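Enquirer: Here is how the chains run, residue by residue.
There are 2 protein chains.
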Amino acid sequence: MDGEEILNQHLGMIDAEINRTFEGHDFPKPLYDIMKYHLGWLDEDLKPAKGYVGKRFRPTMCLLTYNAISGVYDKALAPAAALELIHNFSLIHDDIEDMDTERRHKPTVWKIWGVPHAINAGDGMHVMANLAALRLDELNVTHSKIVDVMGILNRTVMELCEGQYLDMSFEGRNDVTPDMYLDMVSRKTAALIEASTFIGAVLATNDEKTPEHFKKFGRKIGAAFQIVDDIIGIWQKTEDTGKPKASDIKNKKKTLPVLYAFENASEKDRGQLIEIYKKEEMSDGDVSTILTILDGVNAREESQKIADKFEREALDELDKTGIENESMDKLRTLTNFLVNRTY
Amino acid sequence: MDGEEILNQHLGMIDAEINRTFEGHDFPKPLYDIMKYHLGWLDEDLKPAKGYVGKRFRPTMCLLTYNAISGVYDKALAPAAALELIHNFSLIHDDIEDMDTERRHKPTVWKIWGVPHAINAGDGMHVMANLAALRLDELNVTHSKIVDVMGILNRTVMELCEGQYLDMSFEGRNDVTPDMYLDMVSRKTAALIEASTFIGAVLATNDEKTPEHFKKFGRKIGAAFQIVDDIIGIWQKTEDTGKPKASDIKNKKKTLPVLYAFENASEKDRGQLIEIYKKEEMSDGDVSTILTILDGVNAREESQKIADKFEREALDELDKTGIENESMDKLRTLTNFLVNRTY
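Those protein sequence lines, which keep their order, are chains A and B.
All residue numbers for the first sequence refer to the numbering used here, where the first residue is 1 and numbers rise by one.
All residue numbers for the second sequence refer to the numbering used here, where the first residue is 1 and numbers rise by one.
It should be emphasised that the hints constitute simulated quantities derived from the structure, not laboratory data.
Small disclaimer: the values here were computed from a predicted structure and weren't measured.
The reader is advised that the hints may include incorrect statements.
Once the Cα atoms are required to be at most 30 angstroms apart in a straight line, the calculated DSSO-like pairs of lysine-lysine come out as [to be verified]:
1. A:Lys-111 - B:Lys-252
2. B:Lys-145 - A:Lys-145
3. B:Lys-29 - A:Lys-253
4. A:Lys-250 - B:Lys-111
5. B:Lys-55 - B:Lys-237
6. B:Lys-279 - A:Lys-111
7. B:Lys-245 - B:Lys-309
8. B:Lys-253 - A:Lys-111
9. B:Lys-111 - A:Lys-252
Construct the entire structure; sequences and hints are all you get.
Expert: Okay, structure coming up:
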């Protein structure tokens, strides 16, 4: 079974659980429909949508971790739904903050319904995440564990906000180092993936060591995941010309490969980078220049090396649990799939 | 002791508890400083501020309810802080959604730091509210009660979002009735005040009946509170001329007195109201016309009557608890103060 198949195998039960969280929440209908649009369930006309809804990668990691330890899925469904809702609430708000008009080839929520309703629908989805997690109470989980899970989830969302603050504050700065970037990514992306595997393990066992390994596994795979995203954001090829799309370059995003170049380029190239990143808009020539500078310092290979190192360390943590079964294999396959994807 | 003194008596311990929630959350500092600015602790330059921070009305209701039943304050401090943080997170976001540039005579968060940082700081304060409530775990409250409180708080924030959706959707509609308005207000304002007294009672007793009375008390005082706000928003007098400021009229807010007039004015006056509310901007003459129509149907007196009815029903619920002590008297004084305030 490959990575994509593993994700598809879990998607149905995750969305069914999210849907259960929505039960009884139906007025005012358009508020909830906006959330369902963002989740991929409804189209722009708020009619049932067909097609791709997203990877549901975080909840799948949570379910597989829980299953690797316990052999079943049941109790992990509630936090799995919560994790996906947290991810999606943060996307709705990030899209406003970054003024992104498209996500998953569809218009973003604020683009269709305006900023005020998008802020409010994001807030609503943030609450739905907490309500999803509180469904643990109906799954016979001890109240003590529920309080633990609520604590982990909320401390994680705080990290998300911290990461988002840093990400926004990095724009227009030339003194951001790869280390500062990795700290930002750790909060903005890796924290929620860490929470996914950590919560799965905390719910499955009272043992202290096992959840710690899964926690580290999640944080490391999260960092690798983001760096791969950064590489794709620069070097993903266009369908027609086969040249790098360089979307993140054009949007002046200072992701790891760019910061690596800022740090390792010659004095002259560095000066050129600073000049170009100062501009309001980049020309095609500017984009080519940057890509050439990045190639000159092997920014892509060096970034991939860092991602690969995180991946190896992540897999080591899995080994340290001493657990071997089908779900552990799936976690490994998924890790490999995520770090080596090209889209 | 009058209402204002009662509020001032509790403000210090509430803010100390909110401050404890912030402990250990200090990076990136500007993110937390933005939140502290909104709470009234810092000025625009992020230096310690002096002066008015807000009424802290909701947490005070929570503390007094808890104290009325238990005789102490301790365990109610955590949810009291949470309630104030929820209120403030929703204000940060509402100010963006309504494009309000001033609150409590100071620029709003988005006005100073821009919309993206304001959305993110509001999200952060939303999380801090949940973390404040989870501090119950350190106050030796049973995990079962903590799960109850988290459920009440989160269902309440969902109502806030529903109320905000309705409020925004009412703009530009001419078919909003006073009943629809009262349903909106019940979600947007009364739900959080209900949560304040309900949580105070739930934490203080395992008795089933007492919390129900305090719950109804909160919802009713919340409705009265909002209607009085609406009256102030129209008829608060300017300091120089002594005439009504009519701020809510100028901003075309369809609050209860206006909706009452829409429903009860003569056919001709109603037509005139519809015409004026269609306009992009109102002239001074338009504002005078509306005030005259409102006076013609006794919109102010009729609205105050509804507020007074809610106040009486609220006080009845307090009587039904059968509890009599100093905190109960303070709850009555505060109720009276809030329903009869003129600012």
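Enquirer: It remains to establish, for every hint, whether it holds in the given structure.
Expert: Hint check:
Annotation: proposed proximity of Lys-111 of chain A to Lys-252 of chain B holds, straight-line Cα distance about 25 angstroms (limit 30 angstroms). Between Lys-145 of chain B and Lys-145 of chain A the alpha-carbon distance is near 13 angstroms, which keeps this suggested pair within the 30 angstroms criterion. For the suggested pair Lys-29 of chain B and Lys-253 of chain A, the alpha carbons sit about 23 angstroms apart, so the restraint of at most 30 angstroms is met. Proximity of Lys-250 of chain A to Lys-111 of chain B is assessed by CA-CA distance (about 29 angstroms); at most 30 angstroms being required, the pair is judged to hold.
Distance hint between Lys-55 of chain B and Lys-237 of chain B is fulfilled; the C-alpha atoms sit about 21 angstroms from each other, no more than 30 angstroms. Between Lys-279 of chain B and Lys-111 of chain A the alpha-carbon distance is near 26 angstroms, which keeps this suggested pair within the 30 angstroms criterion. At most 30 angstroms may separate the alpha-carbon atoms for a hinted pair to count; Lys-245 of chain B and Lys-309 of chain B meet this at roughly 26 angstroms. For the suggested pair Lys-253 of chain B and Lys-111 of chain A, the alpha carbons sit about 25 angstroms apart, so the restraint of at most 30 angstroms is met.
Under the criterion of a C-alpha separation no larger than 30 angstroms, the hint pairing Lys-111 of chain B with Lys-252 of chain A is consistent with the structure, at around 25 angstroms.
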